[in-house]
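Under mature numbering (1 follows the signal peptide of the UniProt record, and there is no 0), the letters of the sequence shown match residues -20 to -1, 1 to 808, in that order.
If you are wondering where the hints come from, they were derived from the structure by calculation, not from laboratory data.
Every value quoted in this text rests on a predicted model; they were computed, and no experiment measured them.
No residue lacks a Cβ here, since even glycine has one placed at the ideal position from N, Cα and C.
It is possible that some hints are incorrect.
Stated by the list, open to error - The list that follows gives simulated cross-link-like pairs (lysine to any residue, SDA-like), each with its CA atoms no further than 20 Å apart:
no.: 1; residue 1: K770; residue 2: P734
no.: 2; residue 1: K187; residue 2: D315
no.: 3; residue 1: K802; residue 2: S776
no.: 4; residue 1: K634; residue 2: L601
no.: 5; residue 1: K802; residue 2: N733
Claimed, not checked - Quick list of simulated restraints, FRET-style, between CB atoms:
no.: 6; residue 1: D481; residue 2: N55; range: 40 to 50 Å
no.: 7; residue 1: T664; residue 2: N102; range: 20 to 30 Å
no.: 8; residue 1: K770; residue 2: E452; range: 53 to 63 Å
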Amino acid sequence: MKKSFTLFLFLVSYLSSANATVPFWEVHFEAGLPNGWSSTDASGQNVLWTYCNDFGECLSDQSPIEGFYSESADNGFMLLNSGAAGPLPGNGHISRLRSNSIDCSGHERVYVQFQTSIATDNEAAFQKAVLRVITPLGESTFRPFPTLRRNAQQLAPNPDIAPGRPYVVTFDITNLAAGQSSVELEWEWAANYEFAWMIDDVILTEKHPAAPENVIFFEPFEFGDNGWTSNVLFFSESDSTWQWRYGGDASRGLGADQSALGPDFFIHSETAVDGAMLFDGDYYTTLGDEPGQQFHICELISPVIDLTQSSKPLALSFHQLAWLGNTAFNAPSSDGTRFITSFSYSTNGGATWSAPQGVNPYLTPVTSANGNHLPPYDNREYFPLPNLEGVDEFRIKFTWAGDFYFWALDDIALEERPDSDLRTNPNFFTRFPNMQTPVGQLTDIPLQSDLQNIGSANATIVTRSFQLANTENEEVLFSTEEAVAEVLAVNELYENQPFEDLMPSSVITNTGTYQGIYGSSHIEPDQRPENDNISWSFQVTDSTFAKELGFTRDIAPVEQVDYSYGNCFFMPNGDGLYARYVSFGVSNPVPLANFSRAVNVVLHEWAGDLNNNNEADAEELQEIGINLYPFNGTEGLGMITLPVSFEGEGIPLKDSTYYIISVRYNDPTPPLLFMLASDTIDYTATVAAHNSTPGLVPQYASALDVGNEGAFSMLGFGYNIVPVVRLHIGESPILTQTAETEPSAVAVSISPNPANEAFEVHLKGDFVAKDASLRVTDASGKTVLDREIKDSLNKSFTFAARQLPSGWYTVRLETAEGVLTKPLVIQH
């Protein structure tokens, strides 16, 4: 039965998930400027802080700030709109927002925290935008924006790194405010024709507001490394160490400077203003200027930590900023997997260490294809740690093991786990075997999700669920729920068990985008619901097979230059259909064109893995289509689409058959061919579940033949990496966009083909040439050459080709009787 529902998401506050500190004083500006507060301009130019309850109404479209996302922004905030005042005489305005007097006499420690956003255009906010704390003991100036030091356009938060989040500022003001009966806060911006500064959700607390609830150990790296040490390993240079930097500022490297998103890369932790630890591999390799490559391996090791005060299971949490390149060959590893960023822990003061655990095993690395649109990854991580109760010599170490780019850490905490925390593991679940599948080619899929109890108490009456919905109309098409265990003990993992029910393909009858959601539940209220569900999406198309929804990176093998790389698609209902076009993408078309390089696109019919070796062996393959594409250097990062056969005709397909569509690079010498690929969709569980479920056809992801030896590895570069190679099918073998009648009694041939300097079109026929013409069109359909024919057709026509870019073209003979087309390849 189908039913309608409203899709829901767990919108857990980014801040509240990290801490639950109760403030002893707070202001949220829900009613405007609070009583006792003042807004003044010491310059006398009347540029004042004002109340705003509608961001769109308060700021013009000229501002680079796209929104303000404080926790209570919907009920209003304070705004200083410097840009609205226009250019001012002298040094501009000196605008101050001052609080009423606050009584801190009953508090031994005092922290101030507020949520903010600022954008400058001319002068650095580091010097000009400040917070003053004023008490009977005196006053002190604090600088909320330590990374905004350029006299240029800069923003905090960086909208690429922290979209939809505020910039959080936290200061320890204990030395001035603790025990004082009168404390005032004053924000001042001395500026002239900048953009805007917004402030909201100001709190004072006695406990550190950035520390998690039930914290045992907390390290904010306040103005230094605080006893944490660097240990340089293997062949790394001795001065390539972890460094304390304001804001975890990673703007010095060449990559940050050259990226379209840079150079303002800094961590967005709650205590970024007082510093973070940074390993800047980019800077150590390039010194911000000279390109190069060098691997670095360096540990950041904590002091000894006493955990005897806690008797509950613990978790490690920390804030990170990561922008990653290549993993070192001798990086820390576990079960054969090497990690560029990892942590280990010791229970005996560092004498021995646990196996390393990868921190970002699925994070997309920076490549030439994505460096201008892949921002550094900023988030708070959470890892349950087993069996640490009563340990008095605990140490933790974080290891960087790579070349580029950087890793910043802040707000490291060891915290007691909540009693109730059941997690649906995000690293292993089944999904559709393709991200795009034609509507008539869907198959039933097995469902599987793994659960783990990462709380500190047993979970009882544990269930898991799955539902499928159409994202456009929010209609639930399928749902199922089943019992997992009456009791799931602390740290216990429920894994590798498929659901009893398959998800039937028959519930999907139309093209569109669909979302699957795996869920978990138990009888106790879950205290960390943000990890209860895992969602994934896919598309049902009219004619396209794809394993991805777009590229995230590029990739090439390191062993050899020549290789073939593609995807495997299973066709349950191929009879009466044709393979028509193939689409693919590369990241380096210019050097390929400069060396006159080309690729073949090849379609194989595969009999399946007859000998169970996870390879498509040569004797299992039949080549049924091939075409040639020479690079012309204008492709950019766009999709290259051409017929799947050189003849420009569709290839008939069969029912219940595997097809491997690949791009073959035949040149054994550089330049390398870097294929566009996606690494954010992991098919590991999907492949395993299909292969182990009786009655289901095995499914595969990518196919890789390094060295073009004639057989494909069905592991590829890994089940979590697939190339952007798509197959387009249809009901007609004719590849013209409109039905055209071919002229009778005529033949067309082209030589040479591929052509370089020139080519000849040979016409032979026995019909009148009235209004006949020859046209050559490029891949976009644009006419690039044409010739009118006014006499006998029994002749040849020569066309110069040297001025045409390398690429795929179509030669069209147009007569009164119809149109005849032939493919042409120009290769310089």
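Verdict for T664, N102 (Cβ pair) under range 20 to 30 Å
About 51 Å separates the Cβ atoms of T664 and N102, which means 20 to 30 Å is violated.
Cβ distance range 53 to 63 Å for K770 and E452, holds or violated:
55 Å, holds
Straight-line Cα separation of K770 and P734 no greater than 20 Å?
Not OK: K770 and P734 at ~27 Å, beyond 20 Å, violated.
Please verify whether K187 and D315 have alpha carbons no more than 20 Å apart.
At roughly 41 Å apart (the allowed maximum being 20 Å), D315 and K187 break the hint.
Holds or violated: K802 to N733, with C-alpha atoms at most 20 Å apart
11 Å, holds
Falls inside 40 to 50 Å, the C-beta gap from D481 to N55?
Hint holds: Cβ distance 46 Å, inside 40 to 50 Å.
Does K802 pair with S776 here, judged by a C-alpha cut-off of 20 Å?
15 Å, holds
Check whether the Cα positions of K634 and L601 lie no farther apart than 20 Å.
15 Å, holds
Violated hints, listed in ascending order, are 1, 2, 7; each of the other numbered hints is respected by the structure.
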